[in-house]
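Asker: Below, each chain spelled out in residue letters.
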Amino acid sequence: MERSFKEEVAKLRLGEGETFHGEAILAVTKALLQSGVAYVGGYQGAPVSHVMDVLNDAHDILDELGVHVEANANEAGAAAMLGASINYPMRGAVAFKSTVGTNVASDALSNLASAGVKGGTLIVIGEDYGEGASIIQERSHAFAMKSQIWLLDPRPNLPTIVEMVEQGFELSEASSTPVMLELRIRACHVHGSFVARKNIAPRISRKTFLENPEFDYGKICLPPSTYAQEKEKIEKRWPAAVRFVQERKLNEVFAGDMQELGIICQGGLYNAVIRAMQMLGFADAFGASRIPIYCMNVTYPLIPEELVEFCADKKQVLVVEEGQPAYLEEALLAILRRHEVGHVKLHGKDVLPMAGEYTGEAVLTGISKFLGKDEALTPIKNLKDKAARLLGGLPQRPPGFCVGCPERPVFSAMKVLESSMGKFHLSADIGCHLFSTLPPFNIGNTVLGYGLGLASNSAVHPVFGRRTLTMMGDGGFWHNGLTTGIANTLFNRNDGILVIMKNGYSSATGTQELPSSPQHSESKAPGMSMERALEGLGVGWMKTVNNYDVGATMKVLKEAMATKQEGLKVIIAEGECQLERQRKLRPVVAKQLSEGKRTVRVKYGVDEDTCTGDHSCIRLSGCPTLTIKDNPDPLRRDPVATVIDGCVGCGLCGENAHAAVLCPSFYRAEVVQNPTWWDKLVSRIRGTAIH
Amino acid sequence: MNLPERPITILIAALGGEGGGVMADWLMHAATECGYPAQATSIPGVAQRTGATTYYLEIYPEKRDRLGGRAPVLSLTPSPGNVDIMVASELVEAGRAMQNGYIDPSRTTLIASTHRIYATAEKMQMGDGRFDSERVVDAARELAKRAVLFDMRKLAQESGTVINAVLFGAIAGSGVLPLPREACEAAIRHGGRGAEASLRGFAAGFDIAAGARPAPAAPVPPKRATELTEILRIGKERLEDYQGAGYARLYEERMQPFLAGDPKLAAEVARHLALWMAYEDIIRVADLKTRASRFERVRREVGARDGEPVLVIDYLKPGVEEFASVLPAFLGRRLVSWAERRGKLDAYNIGMHIKTSSVLGYLLVRALAWLKPWRPRSYRYGEEQRLIGRWLALVSDAAARDTALALEIAMCAGLIKGYGETHRRGKANFLAIIDALVENPPTSDAREQAAAIRKAREAALADPEGKALGATLGKPVVWLKQVART
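Listed in order, the protein sequences are those of chains A and B. Using the numbering used here, read the first sequence as starting at 1 and increasing by one per residue. Using the numbering used here, read the second sequence as starting at 1 and increasing by one per residue.
Looking at chain A on its own, in the form it has when it is part of the complex:
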């Protein structure tokens, strides 16, 4: 794991009346325990990774309460786990990033929602949308609507979020329907505080067993039950949910004196709306707004009665709804029409952007236009124009491979190969290795989803005269790549080359454990192997290569390209994630040094007087510590390459210089710390002999 959650785990123990300070996603975790949850699962991914990370570190507390926690194989597995609540009145929760996680989970979610639940089920989704997102930009809202899962979108402060977790379970039970809790990126990471309640041990749990399995054909998703279930959704569960939301007043109305106007917003956007109105002089610092606000902490189902009542005395109402399609705005138009509230002019996507995050600026712009205060935007435009005039275009800074990353050398090898063999098609996959598509590599032609690299290559390979490549991480392998990709390719007798990045962890999401991780926490089984799984499936051509040996990686890639052997060829590119490696190494080295033991520190460097400033080395590496500096030669102008502090001595730059025959400027320096008398003697002899 990338970081330790000891301090956070302690927060899960807070009792009645104590104040929790911390991140919202951890507050949600605490709220789950306060709600008497019996089991929790999920799959890692920003912005909700920390739910699972913290729970994995919190076995003591969970064992005391009897809560079952599982790091599921993927989101589908997590959602399927919620099936426990179909027959048994136990509360369960899962967390994953959305929409990608919800996509993977949707089969199980459909079945779950159709069967209905006895115990409250909560699906915590990290809505990875807008600035900082790492996935395709879509809304999770559609999933809620199509499967009829209630969707909570609480105001982004800890007390409200925590309350909505607790209410969410009750709503789920009151309406026999699973509930989604949608948290945007910034809301997941918001730091604040709330007054805690004590944790509740679940009534049914690992400690208090069930005795009789329940059988109810009505809960089976097979006709004719499915027909009855759909009817029940409409006739019983929906009205029950609407009633619950109304009675508990989950949606909030904030009164204001400008009665003719109104704003209807998603709960998650409430703070942005208030800030925009503060800036325009329509609200104070405490949220008292002159314009009435209907804040939807529940965005599905809609409560027509409340909406009609809110709009009844208004002339103009603005809907602040992030993303597209504009489900809420369109539903509201229909509701108003159906209820013959004809006098209200409804605004929304006409003044607010259809696509993209509702940032402070976007909401300010929309509300300014709604209020006819466009002039409020002029100073901002002036500021930006002036900056643009003074600065021109700035270089972009997308994320990239870390210092010493074991995945980078594989792409270096591919890049060198490209120059002699021509470009080839590479079907990319989800994971850090997808950074290969960015400069300096620009390798990777498509990406279709997590673990789907090989499957997405199926129809590409047969239409090329030469072999194509596919990338898959060990994370993607276990997520579903083993079956969807590898078994499928073998079964269909497809050819092709699959490179599996074996770095040992689910690195992009925070280096969580995988079945094939080199070491395991106590709660996980050791010794699961990708290689044995591949052999078992019958992969005939499999080679393992040490990534940092660029020459060897090139050789094995060439071999895979050239071999006469038909069928899938798998290259296991091995190299432990440096984030983990350094995390383990650092204390060991520090201990060695403090004990006065001999330690060799390796750093790479570039001779500034032989470097001519062409930067081929950088185009083959992209390492953050391989950078440039002013040329010290007074006659030269182009900056020279240099290796700065932070180099972990992985050796890629030297390897590249060799593999691509770049230049003789790279050197490897081995600094002997705490040298022995022998080191000193040899050093003295060398010093005397050489100079």
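None of these hints come from the bench; they were simulated from the model. Treat the hints loosely; a few may be bogus.
What the hints assert, rightly or not - Lysine to any residue pairs mimicking SDA-like chemistry, simulated, CA-CA at most 20 Å apart:
#1 K427/B - A462/B
#2 K63/B - T19/A
#3 K423/A - P464/B
#4 K423/A - K467/B
Said to hold, decoys possible - Calculated from the model, a selection of chain B residues having no Cβ within reach of chain A, i.e. all distances over 10 Å:
#5 R49
#6 G101
#7 V336
#8 R341
#9 W370
#10 L371
#11 Q385
#12 F430
#13 D445
The structure presented is a predicted model; accordingly, all values stated were derived computationally and were not measured. Even glycine gets a Cβ: it sits at the ideal position worked out from N, Cα and C.
Once you have looked at the hints, place chain B on chain A.
Answerer: Chain B alone, transformed into the frame defined by chain A:
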């Protein structure tokens, strides 16, 4: 009682792995301990992997117990023109904040480190692709209410800590927040690990932002030789070191015709000529790699302490061209043309890891340097001198017509640099431009011709595949190895 109208807003732009999250925690802790309502959020995600990311905080500057149970509504996203303290851990990130409208002259205190961490897009260019730092500094002075700018990374390194500590100190020292110094220091102590080092960095940043001590002076960039006399002097010294006094005299003789002409042209010719004549062959590289000053520099660069032995291992991979370059001209020529015909120029490179700091390794490399007296009889020497002569004649001819044109031709020499394939590519680009635009110019107008050469030269540096240059010249530049088709 009059309550503040709005919270104080703080936007922090950082790069993944710089401890921006820890700094946000410190600020939150200090504000909370002081009793102020505060909120922090961030968008880490994959930006944690070296990309640009932001943290955003709001602190309401009145204590919670005086609010009568009311809580301010704090925003999760910054708004342009609504930021009180803009913090940037790197200079271009400060520029990005300006472009997004977050720095307002009536309101924003900008706290930014002036060091650069170059983006891949800047580093990977074949020439100098760096963004001009001065533009950001100048814009900051114009756009910020107050700009606290100094090299915080350097200060962090000197304090044995990470840049976030210095930034935090500068935030506290700027006096915009209602947080006393002690509260901030307590927040660092509360954070635990590395607190002492962080406090040193914090103190340094605090004092500078508070004006209690001056910001450290920016490092002086290495000197550039621009004046003709200076260039001539350096050139002469370099070539004397390279091949002796006679070779230095050859340099002076070659410069002679230009001295009476345009001084700017003469300076550029002198600069390129000196660099070209001191071309990097295997002898030169061996010589530079075995100098005492080089081992000293390596020690400095890797931060070796006194008494710590440093082993230096060089990555060398000489091939056909390197071997041919030191052969007698007639043999070298045959070898290279044979290898070119067969596409074998890169086929026989021998990868070597030579421990240059050991006696044997040193002698091995030094032995190559001892070939210096032989150099004038080598194949490569002849090739280089012939091409230099051709270039000088073209510059000289052009100078008689138009100085600007001559200058453009002179600058084409800068395309030839590097080793192996890089050198071959540069040379091919040079020859392609000379052939298409100098020796067979498409226009008789000197100004048009100069513009075409400049455009072609820039195109040659646009991409290593030669696509841009090929498009500019209207025909492909051939230097790439034959792409093997299987």
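Asker: If a hint holds in the structure, say so; if it does not, say that too.
Answerer: Here is how each hint holds up against the structure:
1. Only pairs whose Cα atoms come within 20 Å are accepted, and K427/B paired with A462/B is accepted, the gap being roughly 15 Å.
2. Proximity of K63/B to T19/A is assessed by CA-CA distance (about 17 Å); at most 20 Å being required, the pair is judged to hold.
3. With a C-alpha separation of about 15 Å, the suggested pair K423/A and P464/B falls inside the 20 Å cut-off, and the hint holds.
4. Distance hint between K423/A and K467/B is fulfilled; the C-alpha atoms sit about 15 Å from each other, no more than 20 Å.
5. Non-interface call for R49/B relative to chain A: violated, since the shortest CB-CB distance, roughly 4 Å, does not exceed 10 Å.
6. In this structure G101/B is not separated from chain A by more than 10 Å, as the shortest Cβ-Cβ distance comes to only about 4 Å.
7. For V336/B, the shortest C-beta to C-beta distance to chain A comes to about 15 Å, beyond the 10 Å cut-off, and the non-interface label holds.
8. With a minimum CB-CB distance of about 17 Å to chain A, R341/B clears the 10 Å threshold, and the non-interface call stands.
9. Non-interface call for W370/B relative to chain A: holds, since the shortest CB-CB distance, roughly 14 Å, exceeds 10 Å.
10. L371/B, annotated as away from the interface, keeps every beta carbon of chain A farther than 10 Å; the closest lies near 15 Å.
11. No Cβ of chain A comes within 10 Å of the Cβ of Q385/B; the nearest lies about 19 Å off, and the non-interface call holds.
12. For F430/B, the condition that its CB be more than 10 Å from all CB atoms of chain A holds, with the nearest at approximately 13 Å.
13. With 10 Å as the threshold on Cβ separation, the claim that D445/B sits away from chain A holds: the shortest Cβ distance comes to roughly 28 Å.
Checked against the numbered hints above, the structure violates hints 5, 6; every other hint is satisfied.
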